[in-house]
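Student: Protein chains in written order, with this note's numbering: chain H, 34 to 466; chain B, 720 to 1249; chain F, 223 to 614.
Honestly, I wouldn't trust all of these hints.
With a straight-line Cα cutoff of 30 Å, these simulated DSBU-like cross-link-like pairs (lysine-lysine) come out [unchecked claim]:
1) LYS1161/B / LYS919/B
2) LYS273/F / LYS382/H
3) LYS382/H / LYS291/F
4) LYS273/F / LYS291/F
No wet-lab data here; the hints were simulated from the structure.
Note that the coordinates shown come from a computational prediction; the quantities given were computed from them, not determined experimentally.
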Amino acid sequence: MSDTQTVRPVEADQAVQLSYLEAPAARRARLSTGALLTILGVGFLILGVQVRGEARFALSTPFDPVQLPTIALPSTVTVLLCAVITLAVGVGYLTGRVPRGATSGLGALAAVAVFLGFVSWAAAGAAYPFPVGNQLAGTIALATPLVLGALGGVLCENSGVVNVAIEGQFLVAALTAATVGSVTGSITAALIGAAAAGVAMAALLALFSLRYLVDQVVLGVVLNLLATGVTGFLFDQLIQPNSGTLNNAPNMQSIRIPVLADIPLLGSVLFDQKILVYIAVASVIAVTFLLYRTRWGLRVRAVGEHPHAADTVGISVLAVRWQAVLLGGVFAGLGGAFFTIGSTGGFIKDITVGNGFIALAALIMGRWHPVRAALMAVFFGFITQLASQMQTLQTPMPSQFLLMLPYLATIIAVAGLIGRVRAPAADGVPYVK
Amino acid sequence: MSEQQSGLELRGITKRFGTFVANDHVDLDVRPGEIHCLLGENGAGKSTLMNVLYGIYQPDGGEILIDGHPQHFANPKQAMAAGIGMVHQHFMLVDVFTVAENLMLGREGGFVLDRARATAKVRELSERYGMPVEPDALVEDLPVGVQQRVEILKALANDARFLVFDEPTAVLTPQEIDDLIAVMRSLRAEGKGIVFITHKLREVRAIADRITVMRRGRIVGHAEPGTSEAELAELMVGRAVDLRVDKEPARPGEVRLRVRDLRVANSAGGVVVDGVGFDVRGGEILCIAGVQGNGQSELADALIGNITPLSGTVELDGVDITRAGPARSIAAGMGFVPEDREDDGFVASFSIAENLVLNRFDQPPFARGLALDLGAIADNAERLRQEFDIRSQGVSDTLASLSGGNKQKVVLARELSRELSLLVASQPTRGVDVGAIEFLHKRIVDERDKGTAVVLVSTELDEVEALADRVAVMYRGRVVGTVDPRTPRDVLGLMMAGVPYEEAVAAAGPSAPPGSTADSPTTTSGRRTP
Amino acid sequence: MTDRAAVPATGRGLRWRARGRTLAVTAASMLLALLVGALLMIVSDPEVADKFRYFFGRPGDALSASWAKVSTTYWALLVGAVGSPTALAGTAGQAAPLICAGLGVGLAFRAGLFNIGAQGQAIWGAIFAAWVGFALHLPPVVHVVVAVLAGLVGGGLWGWIVGFLKAKTGANEVIVTIMMNYIASQSLAWLLLTPAFLRPGRIDPIAPPIDATAMFASLYGQFHVGFLLAVAAAAGVWWLLDRSTVGFAIRAVGANPHAAATAGMSVGRTTMITMTVAGLLAGLAGVQYALGPGADGVPTPLSLGLVGTVGFDAITVALLGRSRPLGIVFAGLLFGGLHSGGLAMQTFAGTPLTLSQVLQALIVLFVAAPDLVRTVLPFLRAPKQAVVGGAA
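Okay, chain H solo, but in the shape it has when bound (with noise of 0.2 Å):
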């Protein structure tokens, strides 16, 4: 190793050097970075002002065998120290002077200190505590089949097919759980019906954006309405006539995980779920290691990058593209089925309401990548279950103002104010030799 030459620095044996300047896209997104922290700093400084009374948040619910103690924090201090974290990073982000290690790092601390902030003065001063065990809950359950559906979408998109077609997958494959779940009265057969529906609405876009060419946003849109129009029509036709032989499936049930179940707060939320949520979190991993880690991901991320230059060394475009984009299709059934079987068991029209849009907006703000797709999924879980809670709690702030986040936070991710959102380079644009 140690006699390795390394690569000669950018022509410095050149009389004449070319210097460089702080790219103006990264300038723009540290200064509207800034811009935002600031105007949220002083926006809780306001609030920590007004704000009166306790923030109480309760750790355990009164059936929990452990019981843990209600934090109660003094609403006024903390609202102000979070107002005046965040106002700190806000400016130092401005002004330039944040040392280049620590930006991400203190980007962090903000992001939470805008947290507590926010839900300190939302629970401030009511009547019941913050139920900090249910948002955890709900959070997860929410989040599931948002992962699900965004690794559908990291597949695919990684190899240069966009999916809006998400919520159509959904859709298709919540009927599609319901009624197979109906008729075995088996979990697994509704998931494997739920995944092969999944796998059929995959089949359709990759037909259709790499066979026919046809542009692949419209045909997400396209399938969207399609699976809209035919899942309700059957609804109308079939199944609601028949609700008790096909509108009938089973529920999921928990699975405890012994031990680990029994630890408080975290121990039920984490480890005593349905068998979706597992399967969620393995298929991160899955998702994961094969896009990085295998010679199959390797060549399904250079079909999504340049296609030519994977053409040139052997690898069949087309067929790599076509398998990305249906193994994809597995993970959005799965998540789709999460609708019916993995809570009222039923299905009803437009059962998904718009969570396929929520989860490619979780898979743009992670930037097509599996792990942070993933958490961004999770966090928008978070903020729609927050938005319930506030429901509840009767905080003045409106619960629309927060379901409107995941959307609001997306925009602002791809107009780069918060820093480089790229697509893989040939997203969306059609092979042809």
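On the provided structure of chain H, position chains B and F as indicated by the hints.
Tutor: Leaving out everything else, chains B and F in the frame of chain H:
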């Protein structure tokens, strides 16, 4: 020559696209340990031939033999397996992959990636062939010259015996070209057979063991490395090239364009024009000469206003247009012929008539208020079509239906159809047939004689010699010197490599006294047409 | 994007022949969609499916049951769409918002922008128009004019935001518009619970009915002034695109932004103008829902689902109409007919209205893949042409 050593042979390769014959019974052979130059203009069929060889196209006739055995390549993978490697003009590298990942792709081994082995392989190859490369570096972070090294290593990793270099110097700096030539020599010494595709005569003479010239899909001749550039050029274009334009000596008037201390950064933040200043008078042509990629393109873009300069000033007829966008530059009287006309010069799906008013459609007489005057637009088009001899069925045809030369005529007609104070033309004759070149050159000189200041960016010395009244040579974002167009070619060549005028004259002096440039390819000897 | 016809335009004859082929493909797509729709009906109808169980015993039963099901359904659809003056008026009423929103999507297409945000723009158009309709009390003609203008402002603003983000930051408009649709519907959900929009005495999210003075006057049943407005908008868009300097810039930027910029056009400004006008048009679709009389003769009050899925339907309308104003009018009428005929189909043939949506999606899917249609129906294939190219 023994059967095993006969190397790679293409025999009678024919390739048609519809009625167009891209390759017409082409024969070519490469022996191990030699560099065989395939010379020809853009569109002569060189790349088609290589795509046939690499299995991307299937030939309509002819055969490929390696060591006397016929081969059939249905795809690049089979060509690679037979020992053929390609160094593509547009690198076939995945930007977001590391060097090692790029080398692994397509030949990964087992299902699970073995990165350690790939890294070791890169190290081994890069040491063996003397091409230093960091295996774990991301390709997008590497300079172009190093990326090309990766592309070469990729071919070598496949144990290629025959390497095809497709226009490899187009994107390189002079320093990188020297490195590349050294690499090619060492590959030759290793016994590799090399096909070197280019249209640059100087490079051919520098490195070729044998030279084959293609024109219009056919082999039109062979030449030895000692062949003069004039003869090679003649073979390449089919007749003695006479780019000299009948032009009167310039009668420069007042200074119209004044550029001072201009600094321009490219999109990545690199300062590629660094302190450039010059004056252009009305009625003279200033040529910006230099090897592609030394800041000329960005300079032209900064003049029209597609890029805002970091600092410095640009004045046109005394008006400061440093920070003006294209709209204001055009209003100030600037005509602009962009380097990449397909991308920047016209809208291919628009009609000829619409393209001819692309920068004036919202002004009288073509618009009244918000409404377009289609009649005026059509009249204008018909008039310019005749004046500029644009060959088409009608002015409502789309521009996409025209040939390259006629497309460029549309661009030039549009720019010259209004009163100009400055014309900036980048590579105005690139990819244009010879007949159109003469016409375009004549129109540019005519514009000069009307008292317009002309800035002509060109990498072709022939064009520079034919048109320039003064020559500013650019190297790495700076003007090395401004000289007379009659300056000997080798002096210009040295200046294009960054050597100041006096040193260049001294270095070139013994072998090339001033005035020895009469070897510009105008001789008529050795006509070799099939 | 999709509207760039791959026609090497040399000579008028060729162009007309290409246009004829395009029409043939469109017609064939409809036929195929009806066929697939028929299959879906047959397999999902329990009674018909029952008869297929003894298909080999008595194939006649199954086939006649299938035929009966399919023919009554499609006949009801046809009659419901165009079978009577009332039906025609209903079709026009359904078509009006589709045409407006379709124009919004189509116009953006021509500038190379994919406006998936017609939904959100229509929602804001409806909110603004409805608010003026019930909160202000103005004289007859003035009221409806102000309401329409307000709706245009609402949609235009929502569109402008997209154009602004695209122009200033390069944000992908597809993703931005998708996300903004949901922000718009959440905003509507919130607004409907605020005192300004709550109907007195109600706590559910429904706004007060608009004043009669703000309503689009009915000419015959659901055929109202709004439809004329939609057709006028189409004519306006045609003029804008083909006869105005603004349209020249829009088309140039859409076809080649680099060349447009080098010729002195401002790509950013054109993007903003385009998205604003697209938003205006989609906003007008929202206005149609807010002010246009429904089947009961009065406009539906502002509520969560008022504009339905008009934004997504608009994409299908623009695609089928190939982003040309005249095409969009016809496509809007066709899908308007599917929607209004679908109601009759549901009532008289017992086939769910959702079949209309299936047919609509299928038609567009086939239209978008002409090669597929030509594979299924080989006689549509173009005469072989010499392919020139690839000489690089």
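Student: Which earlier hints turn out false for this structure, listed by number in ascending order?
Tutor: Of the numbered hints given earlier, the structure breaks none, since each of them holds.
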